[in-house]
Structures are given as C-alpha cells and as structure tokens.
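From first to last, the protein sequence lines are chains A and B. Be aware that the first sequence starts at 1, since it is given in the numbering used here, and climbs by one per residue. Be aware that the second sequence starts at 1001, since it is given in the numbering used here, and climbs by one per residue.
FYI, nobody ran anything at the bench for these hints, they're computed from the structure. As the structure is a computational prediction, the values presented were derived from the model and not from experiment. Wrong hints could be hidden among the right ones.
As the list claims (entries may be wrong) - Which chain A residues face chain B? A few, computed with CB under 8 angstroms, are given here: (1) Tyr55; (2) Val74; (3) Gly77; (4) Ala90; (5) Leu131; (6) Pro142; (7) Ile144; (8) Thr145; (9) Thr148; (10) Thr178; (11) Ser182; (12) His183; (13) Thr184.
Claimed, not checked - Now the in silico label distances, taken between C-beta atoms and shown as ranges: (14) A:Ser175 to B:Gly1045: 38 to 44 angstroms; (15) B:Thr1165 to A:Thr136: 50 to 56 angstroms; (16) A:Gln92 to B:Thr1028: 30 to 36 angstroms; (17) B:Ser1030 to A:Thr136: 23 to 29 angstroms; (18) A:Thr139 to B:Gly1048: 52 to 58 angstroms; (19) B:Thr1028 to A:Thr139: 39 to 45 angstroms; (20) A:Lys129 to B:Ala1042: 25 to 31 angstroms.
Glycine included, C-beta positions come from ideal geometry on N, C-alpha and C.
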Amino acid sequence: MNNNAPIFDIPMLHTKHCYQNLQLRRMIFLKRFFLFAIAVFFFFCGTERTYAQVYGSASHTITVVVNTITMVSVSSGTVSMTITGTGVIAGQNQMTVANSATSLLWGVNSSLKKITAQTNLVAPLFAMKLLAVSPTQGTAAPEITLSTTATDLLTNIGRSKGSCTLQYTGVALASQGTGTDSHTITFTVAAQ
Amino acid sequence: MKQILITLTLVVLSSILIETAFAQVTATQSVSLTVNTVYKIATSGNPGALTVTTGSAGTDALTSVSDNSTSYSITQNFGNTVKITANLDAALSAGYTLQLNLASSKGTSAGSVDISNATSGSAVNVVTAIAKGADASQAIGYTFSALASAGTLASTSKTVTLTLTN
C-alpha cells in the first residue's frame, strides 16, 4: 500500500465519474436535438411546398415577328469553261462545252416565287445556255440562252428551301473565231 | 418585370433587323467562256485502187484513172487565211503522176494539183483562203496516170496527208 497517496483520492474519482456521465448525457441530448431540428426543417419545407401561398402575379405580352425572308445563293462564285477543240467534229461549225460543277440554293417563306437568271454581258461573242437540273423544289424551265433580260430559270417555288444543279453550256461557232466572254450571272427570286 | 419586357422587345427587334439586313433576293456568279483556236480536218476513208489498164496505140500516155469516192471535212476558227496542203509519204517514180483535186465551199480550190513529188518537206497547196467555220463532205478527186515508157508498176500504197494550216 502506498502511504504517500492523498487522502482525497476517493472523492476525486467520484467527481471524475460524475463529470464523464454529464458529458455523455449532453452529447446524447445534442444529438437528439440535432435530429429533431432536421426533421422540423424538412417538415416545414414540405409544408411550404404543398401549401405555397400566392401573394401576387404578373403577366406580359411578347410579340414575335417572322418577316418575309428570301435567300438565294450559289455554291461557288466562279465558273470557267474553255472550248479547246477536244470533241469537236471536223465539218461541224458548232462547238460546245458544258459545266455542271455549281449549284443554286434558295430559301423562301412567302408565297409562290420564281427564280430568274440574266447576264450583264450586252453583246457576248458566244451563246451561253443555262438549265436548272434536278431541282428539289419547283419546276425547271427549259434551257435558256442567257441575255440581259431576266428569264425564268425555275418556277413554282413555294415556302421551301431547295437547290438545283446549274448546267451551263457554252456554244460557239467556228465561224465566230476565238475569244473570251466574261459573264456576271444574276439570279433573282421574284414574284411569280 | 419592366426590364424583362424591354429586354425581350429588344431581342425580338434585333432579330428582325438582322434578318432584314441579311435578306437576299439576288445572287451572282462569274462565268467565263473561252474559245481557243480549233483546227479539225478529217477524211471519209480510203479511195479504191487506181489501176491503169489501157491506153491508146501510138500514145505514150496511157489512159488515166480517177476516183472521187472520198471526201474531207474541216472545222477551223483561226482566220480566213487558212489553207490545206497535200503531200505523199514518198514521191512516185518518174513517169507516174498522181493528181489531187479538193472541192471547197469555204475556200479557193487549186483544182487538180500534181502531188507526185510532194513530200512532207514540199507539200503543195490544194485549197487556200479558207474562211472560218466548217466545210463538210467536200469531194476529194484522184487521177492517176502513167507513161507507157515508164513500164508497169506493182501495187503500191501511198499515204496522202492533208494538212490544215495557216
């Protein structure tokens, strides 16, 4: 036995034990309170969602407009053709060359339209013909010889988008000699 | 609320303005057509064999034979001074004569031209001043003659070349 042990050893142990008990109970209490608080929080959230009160309302008018939109474009801005003599038959005056490398594309959201074509070249040396091949919408006109007067290329284009292949055919007579024609072709969407 | 309304209005108006600005009813395309110089000449085929079979007693020149069964066609856009020349691949022996006559509606025919000694280096004109354009199915005439003094000639093929040139 240790004679040097303090005489208040036993009460001290008792006090320590009581203190630990108290701490445990406090923790249990806090834990329960926390769980209760969470339950109350979710309860009120649910209640609010279920019984949301309308305190006021407002409305406004939105105006949307779709204008008449008419689009026309070509797949490439340049077409070049040359008659070199290849395929020319001796004894025939007429020589031709064709190009179908480009397309015409359009979009129309209004009533029936047509597409016309014309050249800016007032006095071409050679004839330039144009045909709309396999239009996805509308009706292709018979092959036209381009002039400065707008001529129907496609008709009966309604509210649609579409495309067609542009088939150019250059026609030259040997008797016309050599030379170069530079056309600027204008495609116009017009009322039918 | 007012700000939202203003914003929406502005968005709608902007869309309309943008669409209107990009609305396009025409498109253009540059198309060029170049016609280079073209020369074309062709013949319809080969003439039949030209065989001298008779003559007149007392005359060295035997009776000539002709063939007009073939034709030629041309197309040219170079100019109005184009001509056709003719030559053989090899000259005929002395005492034998081959004449060529090309008809023409676009140029001036030289009539019957002796091509017996015309080779590639000495081609002769048979049609001159051919205008631009085409001349189809014009007659080609051959006349072959021989002198009795030249003796017989075994079957010999000659290539006649017609050249369209300027």
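Now the hints, each set against the structure:
1. Tyr55: With Cβ-Cβ at 15 angstroms, over 8 angstroms, it is violated.
2. Val74: Holds, about 5 angstroms.
3. Gly77: It holds, given that the least Cβ distance between Gly77 of chain A and chain B is near 6 angstroms, below 8 angstroms.
4. Ala90: holds, 4 angstroms
5. Leu131: It is violated, given that the least Cβ distance between Leu131 of chain A and chain B is near 13 angstroms, above 8 angstroms.
6. Pro142: violated, 19 angstroms
7. Ile144: At 13 angstroms from the nearest chain B Cβ, Ile144 of chain A fails the 8 angstroms test, so the hint is violated.
8. Thr145: Because about 13 angstroms separates Thr145 of chain A from the closest Cβ in chain B, which is outside the 8 angstroms limit, the hint is violated.
9. Thr148: Hint on Thr148 of chain A: violated, closest Cβ of chain B at ~14 angstroms, above 8 angstroms.
10. Thr178: holds, 5 angstroms
11. Ser182: With Cβ-Cβ at 5 angstroms, under 8 angstroms, it holds.
12. His183: Hint on His183 of chain A: holds, closest Cβ of chain B at ~4 angstroms, below 8 angstroms.
13. Thr184: Holds, because the Cβ-Cβ distance from Thr184 of chain A to chain B comes to roughly 6 angstroms (cut-off 8 angstroms).
14. A:Ser175 to B:Gly1045: 38 to 44 angstroms: At 27 angstroms between Cβs, range violated.
15. B:Thr1165 to A:Thr136: 50 to 56 angstroms: For Thr136 of chain A against Thr1165 of chain B, whose Cβ atoms are near 51 angstroms apart, the range 50 to 56 angstroms holds.
16. A:Gln92 to B:Thr1028: 30 to 36 angstroms: The hint (30 to 36 angstroms, Cβ to Cβ) holds, given that Gln92 of chain A and Thr1028 of chain B are roughly 33 angstroms apart.
17. B:Ser1030 to A:Thr136: 23 to 29 angstroms: Given range 23 to 29 angstroms: holds, Cβ gap about 25 angstroms.
18. A:Thr139 to B:Gly1048: 52 to 58 angstroms: holds, 57 angstroms
19. B:Thr1028 to A:Thr139: 39 to 45 angstroms: 23 angstroms Cβ-Cβ, so the 39 to 45 angstroms window is violated.
20. A:Lys129 to B:Ala1042: 25 to 31 angstroms: Hint holds: Cβ distance 27 angstroms, inside 25 to 31 angstroms.
Of the numbered hints listed earlier, those contradicted by the structure are 1, 5, 6, 7, 8, 9, 14 and 19.
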